[in-house]
Structures are given as structure tokens and as C-alpha cells.
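The listed protein sequences correspond, in order, to chains A and B. The numbers in numbering that gives the first Met the number 0 rise by one with no breaks, and the one at position 173 of the first sequence is 172. The numbers in numbering that gives the first Met the number 0 rise by one with no breaks, and the one at position 163 of the second sequence is 162.
Because the hints were derived from the structure by calculation, they are not lab data. There may be inaccurate statements among the hints.
Claimed, not checked - Derived CB-CB ranges, DEER-like:
#, chain 1, residue 1, chain 2, residue 2, range
1, A, ARG77, B, ASN70, 52 to 62 Å
2, A, GLU30, B, THR186, 14 to 24 Å
3, A, LEU69, B, LEU66, 51 to 61 Å
4, A, ARG151, B, PRO63, 28 to 38 Å
5, A, LEU69, B, THR186, 19 to 29 Å
6, A, GLU53, B, ALA68, 56 to 66 Å
7, A, ASN65, B, GLU108, 49 to 59 Å
Claimed, not checked - Chain A side only, calculated, beta carbon under 10 Å to chain B, not exhaustive:
#, residue
8, TRP24
9, ASP138
10, LEU142
11, VAL144
12, ASN145
13, SER161
14, ARG164
15, LEU167
16, GLU169
C-beta atoms are modelled at their ideal positions from N, C-alpha and C, and glycine is treated no differently.
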Amino acid sequence: MGKLIYAMMVSLDGFIEGPDGELDWHVIDEELHRHFNDLESKMAVLLYGRRLYENMAAYWPTADQNPSALDVEVEYARIWQAKPKIVFSKTLDKVEWNSRLAREVVPHEINRLKERSNKNLGLGGPTLAATFHRLGLIDEYWLYVNPVVVGRGKAMFLDVDSVARLQLVETRPFSSGVVLLRYQPANATL
Amino acid sequence: MRKLAVFNTVTLDGYFTGIDGDLSWAFSDAQDTEWNDFVAGNASGDGILLLGRVTYEMMVSYWPTPLAAENDPVVAERMNTLPKVVFSRTLDEVLWQNTRLVKDDMIAEVEKLKNESGPDMTILGSGTIVSQLAAAGLIDEYQIVVAPVVLGRGRTMFDGLPENLPLKLIQERIFSNGNVFLSYEPTK
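Bound conformation, chain A alone (with noise of 0.2 Å):
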């Protein structure tokens, strides 16, 4: 069965945006760039919200041919391309790149998709993780906090309102100073 993880950069102070969708501030290097792109390579699915898809969508095709681009960064251009999407929109018509379309998210058809898989599946994009947090489907977090204070922007969970305690399951400093920290839910709730 697979993990369904929610893995994410964020800035010392919990965001995972600038203001304005700045992300100027992640501080990844090669190593941290090569750790990325064996995680994604291994998972099974990405569920993507609609914004971070178009993010990804808007760069991600054609990075691998920007004569400039590092190898690291032509690897994982091909991994997301290949890799099998699912896209949680209302207002999307169409999505590519080997991804589909869902309206909502149902949580027996998430865990149906975890059950049938022997690989992880990867979340992203704040406002789907804190629906998928509240439904209790996450399995792990992992936390990439990076060595640098960008003092407001868009938290890492929108919507949240309910206290929980997390387990620590390990934690990761790369030579970039970024720190992994990686929990999972406990049973417990405050």
C-alpha cells in the first residue's frame, strides 16, 4: 500500500509563498535538487491543485530544452512530464501531461488509489493538503525548512482550524542548510 505524502518547501516562518507567490527565496543546490528528483521519480501519482499545476504546467515541458538548464533540472523535467498527474479543479477544462482532471476530492476513491498502489503519492498546493489534512488522508509530511525568514506570505496549511499533534519520524539536514523534518500523523489530538 502505498504513502500518501505531503512534501513541501517552506521559509523558517511556515510559508510556502511569498506574498506574491515568491519563491526566490529556496535555497536548493544539486544535492537537494538530485533528493527531489529520486522522490518524485519513485511515486506512483502526483495530486496537484489547480494553481501549483499551472505553475508546474507553465515550466516544466519545456525545461528540459533551455540550453542553460542543469542536468539535475532536465531530469526532473522529464520525471514530471512522465509522471502521472491528477489535477483537483472546478473551473479547469483540460489538463496535460499525463494528467487528469478531478472535481473534488472523495476520500474513498483516495484511499482506494493508495490501496492499489505499491509506490507513495505525492500532494501539493496548500488549500488541496489542508482539505486532505482535515480529511485525515495524509500519511507523511515532509517539511523541506529552508535557512531563511520571508516574514509573511501563504502558510503551508489555508484552512486549517483544528489543533493536531504530529509524530517525528526523522529528521534530514542537507549540506544547502535545509532541514527535513518528516512526521506523521499520532493518534492523539490535543
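Following the hints, put chain B in place on chain A, whose structure we already have.
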């Protein structure tokens, strides 16, 4: 010149208090001897505590009380005897032992304190003063404990920081209660 650090516990989604100042999430029943030693170690030795009004009011309502003396005798004794500076434009007096009130020009006061010799200084809690002093480049070390809790909403201690603050990770330590201690220095 002496060092100014900030020491705070945050949730894994980045908040140091709930919206209404709630801190109940920061306390866990999980017993962890190593963590207890770490907390007691931080409370030992010399130092000066820098506090904003809200944190001061919360602390003064607990640490000098018989309840604190009974529950946390070691930490309470240190908290009560350590020198403390409270920054507030609205308070008229501070009643805690060994505490001084600074009403105006926090930045100048902190610059002056840093240039004096003596024990290092630590800010606890106090989001408003953390962002102002961080923006002024006066904080030398950021010591952050990440608690294994999702709060969903709350306040970050860096709210209103005008520009990105790049840091360098200098220490990482994990505890069996699920807390992670991360320590950073500014890169410039």
C-alpha cells in the same frame, strides 16, 4: 560586545502563538529527560532576558507564584533572579524582581546593551520585538524549537519583517518528545 539571541518554540507550521495568544499546544505530556535537561541547561548560567509587554505579562503572572515554585522550581528560581529588560510604551511600571522597563527607542537601547560587556542576552516570546530587532540586524542567533504540532492559524514571530532574512544553519538537535531544536546565524 555581547551576543543577542532569540529563543522560541514554534509549531511546525511556523506559529509561536495561536491567534488569541494560546500556548497550550506547546506543552506535551510526553516525558523526555533529555529535553528536560536541555530546558534546565538553558535556564542555568548568566544572561539577560529581553521581553515585550505581552510576554512579560504572561511570565510575571506565573514565574513568581507558588505554583511555579512547586512545578518548575529550578527554572522559576532562574527566571525570577535573572536580570530582565521589558520593552513597552504603555506600561508604567514593572513589578517582577530584577526587571527594568524601557519605554522608548528600543533599537538604540539594544544597540547600547550589545556594546556593553557582560552576559549574553536572550529574547523570549515577544514577536513584535523579534521582527523589529531582526529587521535592524541586531539578532546574532535564532534558536528555534519546532514542536510536532499543526496549529492551522496563529502569529509568527517575524510578522511584518520587511525583507527576506537569509540564515545559516549552525545546529540541529532532535528530542524523543518530537521537538527539533534548530539554531541559525544571519548570513551577513
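ask   = Which hint numbers does the structure go against, in order from smallest to largest?
value = 9
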